[in-house]
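Take the sequences, apply the hints, and build the full model.
Sequences listed follow chains S and A, in order.
Quick note: the first sequence uses the numbering used here, first residue 3, plus one each step.
Quick note: the second sequence uses the numbering used here, first residue 562, plus one each step.
One thing to keep in mind: the hints can contain errors.
As the list claims (entries may be wrong) - Chain A stretches covered by chain S per the calculated footprint, using a threshold of three residues with CB under 8 Å from any CB of chain S: (1) 631-640; (2) 816-827.
Unchecked claim - Computed spacing ranges between beta-carbons, pair by pair: (3) A/PHE707 with S/ARG130: 33 to 43 Å; (4) S/TRP111 with A/ILE607: 37 to 47 Å; (5) S/ARG180 with A/ARG875: 37 to 47 Å; (6) S/ARG180 with A/LEU786: 38 to 48 Å; (7) A/LEU786 with S/ASN23: 34 to 44 Å; (8) S/ARG25 with A/SER709: 51 to 61 Å; (9) S/ASP208 with A/LEU786: 34 to 44 Å; (10) A/LYS563 with S/ASP190: 36 to 46 Å; (11) S/SER69 with A/ARG723: 56 to 66 Å; (12) S/SER69 with A/GLY661: 18 to 28 Å; (13) S/TYR258 with A/ALA565: 55 to 65 Å.
Unchecked claim - Cross-link-like lysine to aspartate or glutamate pairs, in silico, EDC-like; alpha carbons within 20 Å at most: (14) A/LYS563 with S/ASP134; (15) A/LYS563 with S/GLU112; (16) A/LYS567 with S/GLU112; (17) A/LYS876 with S/ASP139; (18) A/LYS563 with S/GLU114; (19) A/LYS563 with S/ASP139; (20) A/LYS563 with S/GLU96; (21) S/LYS188 with S/ASP128; (22) A/LYS563 with S/GLU118.
By construction, these hints were calculated from the structure, which means they are not laboratory data.
We treat Cβ as the ideally placed atom computed from N, Cα and C, and that holds for glycine.
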Amino acid sequence: MLEARDISVKYGGTTVLADANLRLSPGKITAIVGANGAGKTTLIKALNGAAPISAGEILLDGKAINSLSRSEIAREVAVVAQETESRFPVSVREFVLTGRFAYGSSFGWENERDIEAADRAIADCDLREFPDRLMNDLSGGERQRVVLARALASEGRVLLLDEPTANLDLANQTLMFRLVLERCRKQDYSAAIITHDLNLAAEFADEVVMLVKGRIVHSGKPAEILNAKNIREIFNVEVILDTNPSSGKARVTQVY
Amino acid sequence: MKRAAKIAMILIAVLAAAVAAALLFGAEWASPFSQDPGRQAIFFDIRLPRVLLGACVGASLAVAGAALQALLRNPLAEPYLLGVSNGAALGTMLAFVVFGNYVFARPLLAFTGAAAASVLVYSLAKTRAGMNVERLVLSGVIVTTFLSSVIIMLTTLLDAARLRSFTFWLLGDLSQATWSGVYLSFGAAVIATIILSSQSKALNLMMLGERDAVDFGVETGRVRLVVFGASSLVVGAAVAASGSVGYVGLIVPHLLRLAFGSDNRIVVPMSAIAGAAFVVLADLAARVAIAPRELPVGAVTALLGAPLFIYLLRKN
Numbered sequence: 003m004l005e006a007r008d009i010s011v012k013y014g015g016t017t018v019l020a021d022a023n024l025r026l027s028p029g030k031i032t033a034i035v036g037a038n039g040a041g042k043t044t045l046i047k048a049l050n051g052a053a054p055i056s057a058g059e060i061l062l063d064g065k066a067i068n069s070l071s072r073s074e075i076a077r078e079v080a081v082v083a084q085e086t087e088s089r090f091p092v093s094v095r096e097f098v099l100t101g102r103f104a105y106g107s108s109f110g111w112e113n114e115r116d117i118e119a120a121d122r123a124i125a126d127c128d129l130r131e132f133p134d135r136l137m138n139d140l141s142g143g144e145r146q147r148v149v150l151a152r153a154l155a156s157e158g159r160v161l162l163l164d165e166p167t168a169n170l171d172l173a174n175q176t177l178m179f180r181l182v183l184e185r186c187r188k189q190d191y192s193a194a195i196i197t198h199d200l201n202l203a204a205e206f207a208d209e210v211v212m213l214v215k216g217r218i219v220h221s222g223k224p225a226e227i228l229n230a231k232n233i234r235e236i237f238n239v240e241v242i243l244d245t246n247p248s249s250g251k252a253r254v255t256q257v258y
Numbered sequence: 562m563k564r565a566a567k568i569a570m571i572l573i574a575v576l577a578a579a580v581a582a583a584l585l586f587g588a589e590w591a592s593p594f595s596q597d598p599g600r601q602a603i604f605f606d607i608r609l610p611r612v613l614l615g616a617c618v619g620a621s622l623a624v625a626g627a628a629l630q631a632l633l634r635n636p637l638a639e640p641y642l643l644g645v646s647n648g649a650a651l652g653t654m655l656a657f658v659v660f661g662n663y664v665f666a667r668p669l670l671a672f673t674g675a676a677a678a679s680v681l682v683y684s685l686a687k688t689r690a691g692m693n694v695e696r697l698v699l700s701g702v703i704v705t706t707f708l709s710s711v712i713i714m715l716t717t718l719l720d721a722a723r724l725r726s727f728t729f730w731l732l733g734d735l736s737q738a739t740w741s742g743v744y745l746s747f748g749a750a751v752i753a754t755i756i757l758s759s760q761s762k763a764l765n766l767m768m769l770g771e772r773d774a775v776d777f778g779v780e781t782g783r784v785r786l787v788v789f790g791a792s793s794l795v796v797g798a799a800v801a802a803s804g805s806v807g808y809v810g811l812i813v814p815h816l817l818r819l820a821f822g823s824d825n826r827i828v829v830p831m832s833a834i835a836g837a838a839f840v841v842l843a844d845l846a847a848r849v850a851i852a853p854r855e856l857p858v859g860a861v862t863a864l865l866g867a868p869l870f871i872y873l874l875r876k877n
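The following block contains the structure:
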């Protein structure tokens, strides 16, 4: 379990995250929503120990995260960042295998267990057809699936996803959320997902956290906090809320 | 692992053939078995140290280039283009002018110059948003130009005879090879290849992005320090012995990536073997192209490297 207690992050004297409390429990998906620049990515980075906190503490299975090495954290926490284009030709399989770095010696080559974990992740993310294709030859949706496969190959049981569905088509957006949901429900993973899509958050998340200017202003079950007043507060837009007839979950429609 | 061993065997065979050819051929044919003591002397006293030094220098520059490219996420990063070689050249010249022939001063100041140039280029190129190709190349150009000006100012302190040999040395020249230079370069090349290869798995992640590397368990600050340190050491030793042989660190890793993919566990160590073969062959070409006169080996590598640099820049 990953837990943030009253954490703050400062960049050069400016507070970008203040007094944030968050608990990622096994089996649950937490959606993090907020306007651009609200501190969502900083929160994910802090949860992973990659952004230095100026106050509070982050506990990974009860241990302070800053007392752990990067490898120890990487074996427990897997990150899906917004993907970047590589200038080097890297195959899908090579890319996914980099997710196993924390398990081997720095000199070493992958062992059978590493290859097994990578192959399983490749299969889970529906990438079996192109392990030898180059990353730069894939479509945006395929690439994002490979980035998720690498996170799954690392076998970290806490998934942190930074806008994994940005630039994806509808089918790929749903697929990404389904893959994460499956890991959470069936294997007790916990996940935090940054998303701008409130309908996906309503559909798949167990909890929604709303950030405004570096502060968590609302958190709770989607049905409780996804309302017109809160959405106006964080995005400054008007919305109509009703119920999705197919799932019975909240449905958000923006008024233009 | 098996694949790496196979590739290593092929490249070692190529290196052995290159060394044999470079020892036997030149302006004059030479052989260790010749009855003519003159030809024997050419073989043992002139060609052997020269060819071995070429191999060590090639290994050094190529392995440093391969590691720097992965670290800086830029296929254009190369000791010569980043100003690291010129930093080492300035260090060597300062040692020569200030400390004369004191044996350790040249490699020591060459290393210091290379390390200082690496840190300077890195800090000029880095911004809060990261580092882009143009900024890194421009920073390299600025540092290289500045250091070249200082080197030229220092050459005014030399007399005419030494000025000619220095000009050749600056372009990258193996004709002054000595056994002490061979030993020093060999030691530095072996140590740096082992150190840089030990970082190659981490470099596979660094190559994809700093955040990726941190997220998946790499202590990025430590890797950066080790790679900059080891490449400065090896470039310092190479430049102190043979001047600035350019583009080796660009051409060799690029060809290896084309042939074998981007896995740094193959590219970094194999660059050492392939780089050794490349410079030995380039020096052979430099010796025979306008025989009995010679070209500096750096002129040959630059002739091949500059068009590749333009091609890579356009591709990026």
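Here is what the structure says about each hint:
1. 631-640: holds (count 4)
2. 816-827: holds (count 5)
3. A/PHE707 with S/ARG130: 33 to 43 Å: 53 Å Cβ-Cβ, so the 33 to 43 Å window is violated.
4. S/TRP111 with A/ILE607: 37 to 47 Å: holds, 42 Å
5. S/ARG180 with A/ARG875: 37 to 47 Å: holds, 41 Å
6. S/ARG180 with A/LEU786: 38 to 48 Å: holds, 42 Å
7. A/LEU786 with S/ASN23: 34 to 44 Å: holds, 36 Å
8. S/ARG25 with A/SER709: 51 to 61 Å: holds, 59 Å
9. S/ASP208 with A/LEU786: 34 to 44 Å: For S/ASP208 and A/LEU786 the Cβ distance comes to about 43 Å; the hint holds.
10. A/LYS563 with S/ASP190: 36 to 46 Å: Roughly 38 Å apart at Cβ, these two residues keep to the hinted range, so it holds.
11. S/SER69 with A/ARG723: 56 to 66 Å: About 59 Å separates the Cβ atoms of S/SER69 and A/ARG723, which means 56 to 66 Å holds.
12. S/SER69 with A/GLY661: 18 to 28 Å: violated, 53 Å
13. S/TYR258 with A/ALA565: 55 to 65 Å: holds, 58 Å
14. A/LYS563 with S/ASP134: It holds: about 18 Å lies between the C-alpha atoms, which stays within 20 Å.
15. A/LYS563 with S/GLU112: holds, 12 Å
16. A/LYS567 with S/GLU112: holds, 18 Å
17. A/LYS876 with S/ASP139: holds, 15 Å
18. A/LYS563 with S/GLU114: holds, 14 Å
19. A/LYS563 with S/ASP139: Roughly 27 Å between the alpha carbons, so the hint for A/LYS563 and S/ASP139 is violated.
20. A/LYS563 with S/GLU96: Since the Cα atoms of A/LYS563 and S/GLU96 sit roughly 16 Å apart, the hinted pair holds (cutoff 20 Å).
21. S/LYS188 with S/ASP128: Distance of about 18 Å is within 20 Å: holds.
22. A/LYS563 with S/GLU118: holds, 18 Å
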